[in-house]
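One line per chain: the protein sequences are A and B, in this order.
Position one of the first sequence corresponds to residue 47 (my numbering), numbered consecutively onward.
Position one of the second sequence corresponds to residue 9 (my numbering), numbered consecutively onward.
Please keep in mind that the hints were generated in silico from the structure rather than gathered at the bench.
Be aware that a few hints might be false.
What the hints assert, rightly or not - Coverage of chain A stretches by chain B, computed from C-beta distances (three or more under 8 Å per stretch; other residues unrestricted):
hint : region
1    : 86-100
2    : 123-135
3    : 141-155
All values reported here derive from a predicted model rather than from experimental measurement.
All C-beta atoms in this analysis are idealised placements derived from N, C-alpha and C, irrespective of residue type, glycine included.
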Amino acid sequence: MSLVVDSITKRFGEIVALDGASFTVEPGRIFGLLGANGAGKTTSMRIVLDILRPDAGRVTWQGTENTELPRRTWGYLPEERGLYPKMRVGDQLRFFASLYGIPDAEVRAEIDDWLERFRIPDYRDRRVEELSKGNQQKIQFIAAILHDPDVLIMDEPFTGLDPVNVRLLKEAFLEMKQRGKTLIFSTHQMETVEELCESIAIVDAGRVVVSGAVRDVKRDMGRQVVRLATEGDGNGVGWLTDLPGVTVTAEREDYVELRVPSDRDPATILRTAVDRGEKVTLFEIAEPSLEEIFVEHVGHRAVDEEEEHLAMTGREATA
Amino acid sequence: MNGLFPNALHVARREYITRVRGRAFVITTILLGIAVIALTMLPTILALVGANDPPEIAVSVEADDVSTDPVVALQALLVAGANPAAGEGGEASPAPEPTAEGPTVTRTDDPGAAAQSVRDGRLDGLLTITRTEDGDLAFTYLSDAGPTNQTRILVTQAATALTIGDRLEQAGVSAGDSAQIFAPPDFTAEAADPNARDEDEFGGAFILAYAVVILTFMAILTYGNWVAQSVAEEKSGRVMELLITAASPRQLLTGKVLGAGGAGLTQYLAIVAAVVIGLAAQGPVSSALGVSGSSQPFQMPTLDPLTPLAFAAFFLLGFILYATLYAAAGSMVSRIEDVQQAVGPLIFLAMAGYFAAFAGLNDPNADWVRLLSLVPFFSPYLMPARMLLSSPAPAEILGAIALLAVTVVGAMWIASRIYSAGVLLYGQRVGIRSVLRATRVAR
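Okay, chain A solo, but in the shape it has when bound (with noise of 0.2 Å):
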């Protein structure tokens, strides 16, 4: 049973942040959501946690509709991070805990586990506001977790890390999947999303553009990549074009890549070079990279956007 977020339509005013968006993600997997700024990924969130609620449409978790579901279910990473600044780290995170009906004498262990983990623990008695970004961010994400979420949703939880912490967090995304956890996160990182995710959604002026398992999605691009190059100067890649469906798509220093469609045999490449007598040093059947995939839904990359998200932020909240 799964999580399933059943044509979703909120408006914000004259704006509609979400248009019959839906999509389903399995249980014990990782889940990655991508879209550009404002495509509507927090308020996708923010519906299933059912803070906001949807002017059409539902989501069920297990069969149960979320409105049904102790708050308890989820946890949840907010893009915009917040944390009591004269708190303690180790009063502020019994005081969520408790709020989730988790008694104070059940986590304190749980606590310093994970501080442990994320090498900070000596940080428990330190106010918030003493430590940086990127640790206020590992407790942040130690908030969500601690009365054990059965689906952890986590807005851009990459985001101002430094490639250390950035390792951690991965293991202890790792570490939720293992103990059985859902996991679901937007990021505009698509190696991330390569590294860790099993399925994916896009999502795209409020609708999802394309969803499923990463491996799916890509093979219903209905293409292949072909990577290819040969010693020596060449004679020009115009030999190339001349084959039926294929397209070049870069031209490399070292290589050329190729669009073939799914329905051709991208050998056939390889024969025509050697029966041409090129000598072939690389020849590389690939899939088209997530970032490929993004483009061609969105119509353009994720992270420009994210520079120019940088300079209007708030935009986010609202839409």
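We have chain A; now place chain B onto it with these hints.
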């Protein structure tokens, strides 16, 4: 899981602890405590610096045929004026003995020297009594006192009495007859309302009514503002999203009001404790310092044992009503600086009740006061005031409490909807319209 507790208590506990441990709280509580103790010690302090120095007046009688001794008459009036309680009652009170601390009146035969003493500040005044050509008494009072000076007013009254007595005597009225003339009238004020408060207690009841109105107003304004501020802080600090995921708006709202209200009540109790300590210590401190100071500012009115209970109900319900709406107002702004603007209408409402109560204190039985004392936003001020100064029917009191309680429940409902919509809306200014639109689909 949608019950109010225990989450509201967790939120309240956090709020209370953070608030009470805060530096601002500790400092203001200590400063207010010191100020209040200083206030209760005021009579002692004044006595110590000599501000309560009893007046000393010299009388130079140049009209030697005055039958009543002006010195005795003046002394009696000044002493009676300094202790008004001694003179009341209408019965012939024994002539007040001049005490060392009371006003002193002495006869002088050397007006020049006495006038110099007044100018030097050793004497408070010199009253010269002469007789004019047409046979009437004439008075000249030499002093630094202005027209509102208590001693000067008493001296003027004494002069009037002396003149009238003198004129009566000249008209041939015997001394015994003039005593009869001066006897106070047999006057009894009867209350139409059989439950009306005892006359003697009215002054105390009036002061208490003022105190209740002012304390309620201050609590609403100060601690209500804490609630709004605290909600706005959580919103601008973005803790809100975590909170709203973990707990329902109703739990958060209730916890906030209870926590900030509890902290406010703690401060109030600390101040009341300071008042009690100050009043209790004032007598011993005064006598230890060898000065006198009145330790009984007014007579406490006798109250029905249920009355304080009703006061507590009005105070708490009134505070909760306003504080709940303050929380909703706080949830509508994105920046802490905008809180004052958002709570403006509430401050206006609270002030309206406050001023209505002040106007109503003077006429507690007026129809408009009766009506307003039932209206929820005003009853926390007006009904306790009426209970002290008048005698509202028990049904009126219970009705006002019931109306207030129902309004609190309604305000809770509206406020938690505004809150659940408001806390997720960010923008330069979140207007009431955008919030209302958002509440339509809030959970």
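Hints and how they fare:
1. For the region 86-100 of chain A, the stated coverage by chain B is satisfied: 7 residues place a CB nearer than 8 Å to a CB of that chain, which reaches the threshold of 3.
2. Evaluation of the coverage hint for the region 123-135 of chain A: fulfilled, as 9 residues show C-beta separations to chain B shorter than 8 Å, against a requirement of three.
3. With a cut-off of 8 Å between beta carbons, the region 141-155 of chain A has 6 residues touching chain B; three or more are needed, and the interface restraint holds.
Violation of the numbered hints given earlier is absent; every hint is satisfied by the structure.
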